[in-house]
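2 protein chains.
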Amino acid sequence: MDDILTYIEHHMQDTVARLQAFCRQPSIAAQGVGMAEMAGLARRTLAEAGAQVELVPTAGYPVVVGRFAGAGSKTLMFYNHYDVQPPEPLELWDSPPFAAEIRDGRLYARGVADNKGNLVARLAAVEAWLAVRGKLPLNVVFVAEGEEEIGSPNLGPFAEENIQTLRPDGCIWEAGYKDTKDRLEISLGAKGILAVDLRARTLGRDLHSANAAIVKSPAWRLIWALDSLKGPDERILIPGFYDDVRPPDDRDRALLAAWSFDEAGQLVEFGADGYLLGLSGEPLKEKFLFQPTCNVCGFHAGYGGPGVKTVLPAEALAKLDFRLVPDQDPYDILEKLRAHLDAGGFADVEIEVEGPEFPSRTDPGDPLVAAVVAAARLAYGVEPVVKPLMAGTGPMYELCQRWGVPAAGAGVGWTGSRQHSPNESIRLDDLVQGIKHIALIIDEFSALSCS
Amino acid sequence: MDDILTYIEHHMQDTVARLQAFCRQPSIAAQGVGMAEMAGLARRTLAEAGAQVELVPTAGYPVVVGRFAGAGSKTLMFYNHYDVQPPEPLELWDSPPFAAEIRDGRLYARGVADNKGNLVARLAAVEAWLAVRGKLPLNVVFVAEGEEEIGSPNLGPFAEENIQTLRPDGCIWEAGYKDTKDRLEISLGAKGILAVDLRARTLGRDLHSANAAIVKSPAWRLIWALDSLKGPDERILIPGFYDDVRPPDDRDRALLAAWSFDEAGQLVEFGADGYLLGLSGEPLKEKFLFQPTCNVCGFHAGYGGPGVKTVLPAEALAKLDFRLVPDQDPYDILEKLRAHLDAGGFADVEIEVEGPEFPSRTDPGDPLVAAVVAAARLAYGVEPVVKPLMAGTGPMYELCQRWGVPAAGAGVGWTGSRQHSPNESIRLDDLVQGIKHIALIIDEFSALSCS
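Protein sequence lines, in the order shown, are assigned to chains Y and L.
Last residue of the first sequence: number 485 in this note's numbering, and the count goes up by one each step with no gaps.
Last residue of the second sequence: number 485 in this note's numbering, and the count goes up by one each step with no gaps.
Keep in mind that a hint or two might mislead.
Which copy is meant is left open, so a pair is good if it fits within one copy or across any two.
[To be verified] Straight line, CA to CA, 27 Å or less: simulated BS3-like cross-link-like pairs of lysine-lysine:
no., residue 1, residue 2
1, K343, K321
2, K343, K370
3, K321, K215
4, K321, K370
5, K215, K343
6, K169, K108
7, K169, K321
8, K370, K108
9, K215, K370
10, K108, K321
11, K169, K343
12, K370, K169
13, K169, K215
14, K215, K108
15, K343, K108
Read the hints as simulated data drawn from the structure, not as lab findings.
Model the full structure from these sequences, guided by the hints.
Put into structure tokens, the structure is as follows:
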């Protein structure tokens, strides 16, 4: 593989220039900015590299699909997204978010870590293979959607219609980051999510608060309904909520033990004075990755300004997200939530579903994982960290596990990448290593005997 | 008294013109608009009527004090305020809030019911006495503060310094309204209030909600803290909260029974589908007037917009008001609230006090009440309704009960006056009756033998 790795090193100038071009094209799905332009740029770039490219229409932004035919019947899929988070607040950026400025060996831009850097890295690895060897050792398919940052509402339908044609044997997920000790983190799954709005309304209009003596308060209704969901011991009280939670097995625990979570550093970063329930060590890591949550993203009712306004608000709204772990089903949890509220006397509290996603995970013993880990050892010279799950959520289930496709996430970010925040960046040294990693994954995965 | 009552009728044109002039002078304490001008107008008008007037300075807006010396040593105090509520939302007014337009026998203006109409009515009654009889049968003192609509923060200190000089034997409180059956309501007291902000903060900044698995949520902290204050049975759970609640006695119950509360009409007005705990009849009225409340005026944390934002907010704020009944003490309740939160493990929830006011009440058997009721029978020809307490709050304790001064509220408003709302109005027929009522109160109260 030295020939390919050397080629990659020699072509970094072009690769960085291409990444800058990608980053200079805004593509903000939530704001509808630059989406068609970015899809077009991705299509042209893939086609120039030799891919057969198609913009697959969806109910929202199209999915860019690019195929490179290689040797044999095995197919490796790269999942990426060409949309980025909104760049605001702009005033906190040291250089404009779409300027793609390079300073001190870092490229700063909205979306460079999440995940245009990865899209470009994967393409650079494929190009190196083609330039040096003339042919890929397996088929490669790029799937780049335009709606990851707005919840991937159309990736499931896309997969339903196309996965049987694409026939991937494994998938490299969109992004990845080095940890605080500069070790690559490889993620094998993601939590699911059920995001809901809970709404209580008891009055036609806001009233003088003297009337609180005799009419129902929607704020109190919602406080009591929420209290019935979770108490200070953090145990979620919806009957059956934990029924499908699969506890970590011995392999998961070994991975957790190998994962060095920077407890003290994270506390400083969070501005918190301690972890929930006083947890630390293995129980903390297990709770982070293997336990579901019931979080209040927002609660709004009545007056919130300075001083006194003695009002009885007509309506109250709570926005919740439940992060779900394998094998919880967001639709099942929704039913249980409704039944629990009804049984508790809160039939009047309305539920609006905002975003269900299934949890996903790939077996740590899957050959894809072995290939990604082996490639990482070669590319980085440092043992990578394998995380059995991410604490966050992504549409991995819809594209991969639902169809029996193993997936692993790895990428060119680092612990300071600040994805979703101002001054998002990657380090160019990480970019080189990340491209080599992908080239080596292609090699390792193609060498596996087909199952 | 026919001579005085006839004089009042014959001078209504001047009285209405003066009321329009008062209403056309904005005086919005909360916004600092027109306050000096309105204090000046009140001073000039009182002085022209023959009063000895003083603008007594306070830490905020001055109190206008106007004295009319009469026969004997008895003194009747009229408490009013020259500030008004902000007029917003302006677009809901059918005529500009400070135009003081007359339509269909009603005068529409911000503050006309609450309570410039009453200030003008009381002055007109005094002028009628002076014009017809040459002298008042008792001393009259006007006390008009400029901060009632912002919580009367300086009325207590004013009373402390001045009440011994003013030496009132009784007080007519600022406002009053006819009920849905056009019967004058006379109020003998007001609930007190403790308004507090409760704040929880657990994080240095908003975090990605995946972190809810391992760090404390301020929204949940506040939900649990609030739940510990009151459950769905509406019983307030702070130990000792009800210790000083004086239950209604037989006289109170008789007054409650005579008070016709329009249950069905109010529900329509509230847009509610029923009363709290299914109450109706006497228990509903008793709860409205004689039970304290713990109300959520506002609750704000995190995201409240459309769609999903999976955030773990750094801070949560709840704004509460406790309406207090005799003999609860807002400072005592504050201590008990703090102790209860501490004992429940919520020492981290901060309390900021926004506005404490004591509850107040005058003995229904007080001679002042008899005088006000007797005068009402003569002025209105309809038996008035005596309410032992208002469900709302006013600074009556600070100016009256604290010094042993009996007080009763009566005024020129009606059930549709919409005080604090757009299209505030009084009916000019009610204004005439209200002026006569005051003239008759002066007569009745002066005739009482001094206690």
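Using 27 Å as the alpha-carbon threshold, which applies to K169 and K343: within, between, both, or neither? So K169 and K343 fail the 27 Å test inside a copy (72 Å) and across (44 Å) alike.
Homomeric proximity label, K169 with K321: Cα distance no greater than 27 Å: neither (45 Å within a copy, 84 Å between copies)
What label fits K370 with K169 when the C-alpha limit is 27 Å: within, between, both, or neither? neither (52 Å within a copy, 78 Å between copies)
Within, between, both or neither, where K343 and K321 count as close if Cα-Cα is 27 Å or less: between (41 Å within a copy, 22 Å between copies)
Checking K215 and K343: alpha-carbon separation at most 27 Å within a copy, between copies, both or neither? neither (51 Å within a copy, 30 Å between copies)
Given a CA cutoff of 27 Å, do K321 and K370 count as a within-copy pair, a between-copy pair, both, or neither? Only inside one copy: K321 and K370 sit 22 Å apart there, 37 Å across copies, limit 27 Å.
One pair to classify: K215 and K108, alpha carbons no more than 27 Å apart. Within, between, both, or neither? neither (35 Å within a copy, 86 Å between copies)
K169 and K108: within-copy, between-copy, both or neither at 27 Å Cα: within (14 Å within a copy, 110 Å between copies)
Cα distance capped at 27 Å. Does K321 pair with K215 within a copy, between copies, both, or neither? within (22 Å within a copy, 64 Å between copies)
Alpha-carbon proximity between K108 and K321, which holds within one copy, between copies, both or neither at 27 Å: Intra 37 Å, inter 75 Å, cutoff 27 Å: neither.
Quick one: K343 to K108, C-alpha cut-off 27 Å, is that within a copy, between copies, both, or neither? Neither way: K343 and K108 sit 67 Å apart in one copy and 39 Å across, limit 27 Å.
When no copy is named, should K169 and K215 be tagged within, between, both, or neither for a Cα gap of at most 27 Å? neither (36 Å within a copy, 93 Å between copies)
Hint check: violations occur at hints 5, 7, 8, 9, 10, 11, 12, 13, 14, 15; the rest are consistent with the structure.
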